[in-house]
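Chemist: Sequence:
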Amino acid sequence: MDYLLLGNRARMLDRFTAPCAFLAVFLWGAWLTQSLPAQPTLEPQPSVVEPAETPSVGNTVQQQGEIFESQKQWGEALALYQNALKANPDDRALQLKRAFARIHFDLDRRYADTSFIKTIQSTDANTSMNVYAEVLLKIQSYYVDEPNWANIVNYGLTSLKVAMQSEGFRQVNLPAISKEAALGIYLQAEKRLSNVAVRTRNDAFSVARETAEFLNQQSGMSSQSVMYEFVCGAISALDPYSAFLSSNQYSETMSQIEGNFVGLGVELRTQVDCLEIVSVISKGPAGMGGIVGGDRIVAVDNQLVSKIGSNRAADMMRGREGSYILISIDRGSGIQTLRLERRRVEIPSVDQVGIVDKVSGVGYIKLTNFQKTTASDFDAALWKLHAQGMRSLIVDVRGNPGGLLSASVEVADRFVRKGVIVSTKGRNPMEDFVHKANLSGTWDVPLVVLVDENSASASEIFAAAISDNQRGTIVGSQSYGKGSVQGIFPLNVSGGGVRLTTAKFYSPTGKAISRVGVKADIVIQDVLKPGEATGSQEDTGLRVGIKTAQQKMVERNAALQSQTSVRTKSSTNQFTGR
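This note's numbering numbers the first residue of the sequence shown as 20 and each following residue consecutively.
Honestly, the hints are just simulated from the structure, not real lab data.
Warning: the hint list may mix true and false statements.
To be verified - The calculated SDA-like cross-link candidates involving lysine to any residue, where the alpha carbons are at most 25 Å apart (straight line), are: (1) K326 to G187; (2) K326 to I344; (3) K137 to D376; (4) K377 to S342; (5) K302 to R288; (6) K403 to D558; (7) K566 to D376; (8) K571 to S342; (9) K377 to A578; (10) K437 to L579; (11) K157 to I139; (12) K157 to N511; (13) K566 to R433; (14) K530 to Q489; (15) K91 to K157; (16) K571 to F452; (17) K377 to M572; (18) K538 to N488; (19) K198 to A131; (20) K137 to V512; (21) K571 to N511; (22) K571 to R410.
To be verified - What follows is a list of derived Cβ distance ranges for each label pair: (23) N511 to N447: 41 to 47 Å; (24) S141 to G313: 38 to 44 Å; (25) D164 to V535: 17 to 23 Å.
If you're wondering where the values come from, they're calculated on a predicted model, not measured in any experiment.
Positions of the beta carbon are idealized from the N, C-alpha and C atoms, including for glycine.
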């Protein structure tokens, strides 16, 4: 991922996937839905994000979701509802279920994060209230839409209600109080707010402060534990891309600005009894230790994942550079335990480079994300291919979840000679900007861009710039459709940060990307996913991309010959005319 630092914050485009995570790299993925409809006044009973059972939710989705929820597999439930929302983005019931699953998922992650628990235990009441005030001010100042303060408070109350019924939360903050008793205490606090109207930022702050003080008096629960639920609820109320970052998550995110992090170099998917390896960075500790995609981590430091929970196990895999960890792997033929050293891992953004058709000179570059090193890595790849005889180029951004705004602009600028690459527009005029191409350093080779439904964010900026400027051919399926920009803001008093949506971006011709994506010029249906080609199977997208690049090269040569012929004829006429 790449980030453009603006003062004390980083501007980025990103995706966030519920059940997957790069260790020491913040979670990536794709959420599409809008925040819940605004409420004119605060009416917290029942909480507005409680899921409602309505016929609009498909039976299969509802049944599977209920299974996930009953097993507390909130990441899986979140992914399920999100996938369903792609086909039905305006389904109110799905929106509610997704929102409710996210609150549970985020809560589990927070209380599996040692840095967050340490923050709760080391922060006093006044400091936590200052954190909430700071978050509300940042929302008011930078968030892309006008904040609905009643909705923000409702999310905070719902987050608090869920937390007080959660075993993980109560172990830290209410160790002597049962789930039933905690619910009763919460309902007392909620009842006191039945006639309270929330219309301003100050109203929102007052409700949170008074709720924290009341719960502290009634149960002894620390005010800071209450205030941080309001903090996290406030961010969750905004949109699927905004998020609270603990100090660990903030540090990991900022490490990605440099294209590296301390960890093992694996992407995980949380399961009930294991951590499933989705992918591995080949030169990271895990890759060098023999871990491969599909492996299942069943124990961390001799503690079973099924006993401590997958979120806690994932958190245990973090650690300082140079420290060691024991990983127990189940590959179906017995348990193998590996001792791995946590160290700094370079995140490759340019993953594959080569000539895929030597006869025609078709070059190929696979971009896995957009980060600070992407532009320089991409330049090196271009010159390598040039030396090998490249005459046309395929840039593959299939499955690329995005990254930094500046990196996508820089890569597009390598091919677009002049004109607009992307424009951004936010509620704050500082977010309004038009990024234009520079004339220097432009490559003129015929270009093909491969996209799929998981090409998102910065990938879509790049593809749209190529498409709208008629600089190349887009091959594949319609892209994801994430059209917003996020800024990362450090919190002055907690060591963490918040990620806020600050602007929306538009293609060079002014088309919005959100929910629409970038359409392919050559559409491929039911294609093999990148990296899945084995045996007799083939990567159809790449095959069609190569064929398209060859055809574009033929058309380019024909056009050049025609121009040469015209120029020669004109010169001859001028000569005989003398």
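Chemist: Run the distance test for K377 versus A578: straight-line Cα separation, threshold 25 Å.
Modeler: holds, 22 Å
Chemist: Going straight from one Cα to the other, do K571 and F452 come out at no more than 25 Å?
Modeler: violated, 33 Å
Chemist: Given a hinted range of 41 to 47 Å, is it respected by the beta-carbon distance of N511 and N447?
Modeler: Because 19 Å falls outside the window, the suggested range is violated.
Chemist: Please work out if K377 and M572 have their alpha carbons no farther apart than 25 Å.
Modeler: holds, 13 Å
Chemist: Tell me if the straight-line CA distance from K137 to V512 falls inside 25 Å.
Modeler: Distance of about 14 Å is within 25 Å: holds.
Chemist: Can the restraint linking K538 and N488 be considered satisfied, given a maximum Cα separation of 25 Å?
Modeler: holds, 14 Å
Chemist: Given the hint that K198 pairs with A131, does the C-alpha gap stay at or below 25 Å?
Modeler: Roughly 19 Å between the alpha carbons, so the hint for K198 and A131 holds.
Chemist: CA of K571 to CA of R410, is that 25 Å or under?
Modeler: holds, 10 Å
Chemist: Given the hint that K157 pairs with N511, does the C-alpha gap stay at or below 25 Å?
Modeler: holds, 12 Å
Chemist: Hinted pair, alpha-carbon criterion (25 Å max): K326, I344. Please report holds or violated.
Modeler: Given that 25 Å is the threshold and the Cα spacing comes to 18 Å, the pair holds.
Chemist: Given the hint of 17 to 23 Å, is the C-beta distance from D164 to V535 inside that range or not?
Modeler: holds, 19 Å
Chemist: With a cut-off of 25 Å on the C-alpha distance, tell me whether K403 and D558 pass.
Modeler: holds, 24 Å
Of the numbered hints given earlier, the model fails hints 3, 4, 8, 15, 16, 21, 23; all others are met.
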